[in-house]
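Trainee: Sequence:
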Amino acid sequence: MTNTVTFPGSTIPTALLGVGTWAWGDSYTWGMGSYDSALTEATIAEAWEASIEAGVTLFDTAEVYGKGESERIIGRLLESDPGRRESLVLATKFMPSPWKLNVRTAMRSALEASLERLGVQHVDLYQIHGPVSLRGKAALAEALAEVHSAGLTSAVGVSNYSTKEMASIADELAKRGLPLASNQIEFSLLRRSPETSGLLAECRRLGVVPLAYSPIGQGRLTGKYSAHNPPPGKRTFSNHPMGKVDTIVAELRRIGDANDGRTPSQVALRWIIDKGAVPIPGAKNRKQAQENAGALGWEMAPTDVAALDRVGLDGLVSLSSRFWQHG
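Just so we're aligned: the sequence shown equals residues 1 to 327 in the working numbering.
Treat the hints as calculated values from the structure; they're not laboratory data.
Take these hints with a grain of salt, some might be off.
[As the list claims (entries may be wrong)] Computed list of lysine to aspartate or glutamate pairs in EDC-like fashion (alpha-carbon distance at most 20 Å, straight line):
1. K275 x E299
2. K224 x D257
3. K100 x E146
4. K275 x D314
5. K224 x D36
6. K67 x E41
7. K224 x D246
8. K175 x E142
9. K244 x E299
10. K244 x E202
11. K67 x E146
12. K287 x E41
13. K287 x D36
14. K244 x D314
15. K175 x E195
16. K244 x D309
17. K164 x E116
18. K100 x D36
19. K275 x E195
20. K287 x E46
21. K67 x E86
22. K164 x E195
23. K175 x E146
24. K287 x E53
Predicted model, so just to flag it, every value in this text is computed and none were measured.
Using the sequences plus the hints, can you model the full thing?
Mentor: Here you go:
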């Protein structure tokens with residue numbers, strides 16, 4: 001059983017599980033500093049420590065998360081223990097807003113600002129956050145190649161790219177001697193479309209690592225919520241009625257009970273790993289980080305994977321998803 005993955009272009013192996021840090025510093029969607037009083041920088045520090053203790057060393061952030069606060073929080077955590085940096089895989093993202101027509105200058109400036117907030121000299125993975133730039137794939141690939149050549153990132157990736165878009169930019173990067181390391185997409189039992197559309201198969205063909213964000217449906221697959229107890233806040237992605245989600249959670253519980261009492265979250269994450277993707281769930285505190293890490297170190301029976309396939313959903317299509325989520 002393979003337990004680690006190394007991004008093409010990087011030399012640091014990471015577990016088949018990471019930590020998504022969208023919630024760290026975010027008040028609008030996740031309520032830090034507003035409606036979620038339990039989410040604080042102290043609980044984030046506990047999640048950070050628990051993740052690393054469990055061997056989870058990939059931390060994914062973005063310049064837009066909390067308007068840069070997610071990166072600043074990670075920077076403060078690194079500052080308290082600078083010797084830890086070399087064992088971690090830090091990933092962040094560039095927002096390719098349509099008005100950023102000089103994408104080479106914009107990307108270089110954005111990455112330098114991210115590095116300053118993180119307090120590091122380079123990141124291990126730099127990703128284009130979405131397929132919304134008005135510039136072509138050649139211009140975007142050239143910008144990625146330049147920040148890579150400057151030593152500001154070890155590997156480069158994309159996010160929310162379709163199969164065709166991913167293949168196109170991979171081809172442009174290859175012309176510049178650079179592999180496409182990753183494509184970060186929403187993939188979970190609430191949104192199976194990356195698998196059913198053939199995107200995961202294309203990732204395998206190209207040697208691209210698929211990273212799965214919102215892998216437990218922004219908390220909806222944890223078993224904590226139900227049709228009678230819906231989640232608070234603004235769940236942006238695959239916002240299916242909880243009645244449909246309850247059916248999936250029931251199957252997750254059944255499989256978890258038969259596998260040493262694994263939780264619904266752990267089973268949902270393991271399903272993604274067994275599909276060949278690397279889930280990056282959020283972790284607001286030590287307990288969540290430890291629970292997430294329980295997705296590692298075991299494999300699901302093929303019959304259980306198939307059972308989850310049958311109850312899984314393909315995701316919802318909305319105006320925002322058409323604009324943003326091509327993959």
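Trainee: Determine for every hint whether it applies to the structure shown.
Mentor: How the hints compare with the structure:
1. K275 x E299: holds (11 Å)
2. K224 x D257: holds (16 Å)
3. K100 x E146: Within the cut-off at roughly 16 Å; holds.
4. K275 x D314: holds (15 Å)
5. K224 x D36: Holds, at about 16 Å.
6. K67 x E41: holds (16 Å)
7. K224 x D246: holds (10 Å)
8. K175 x E142: holds (10 Å)
9. K244 x E299: violated (26 Å)
10. K244 x E202: violated (29 Å)
11. K67 x E146: This hinted pair is violated, its Cα atoms lying about 25 Å apart.
12. K287 x E41: holds (15 Å)
13. K287 x D36: holds (16 Å)
14. K244 x D314: holds (12 Å)
15. K175 x E195: violated (28 Å)
16. K244 x D309: holds (14 Å)
17. K164 x E116: Judged against 20 Å, a Cα distance of about 34 Å means the pair is violated.
18. K100 x D36: violated (34 Å)
19. K275 x E195: holds (8 Å)
20. K287 x E46: OK: K287 and E46 at ~9 Å, within 20 Å.
21. K67 x E86: This hinted pair is violated, its Cα atoms lying about 26 Å apart.
22. K164 x E195: holds (14 Å)
23. K175 x E146: Distance of about 13 Å is within 20 Å: holds.
24. K287 x E53: holds (13 Å)
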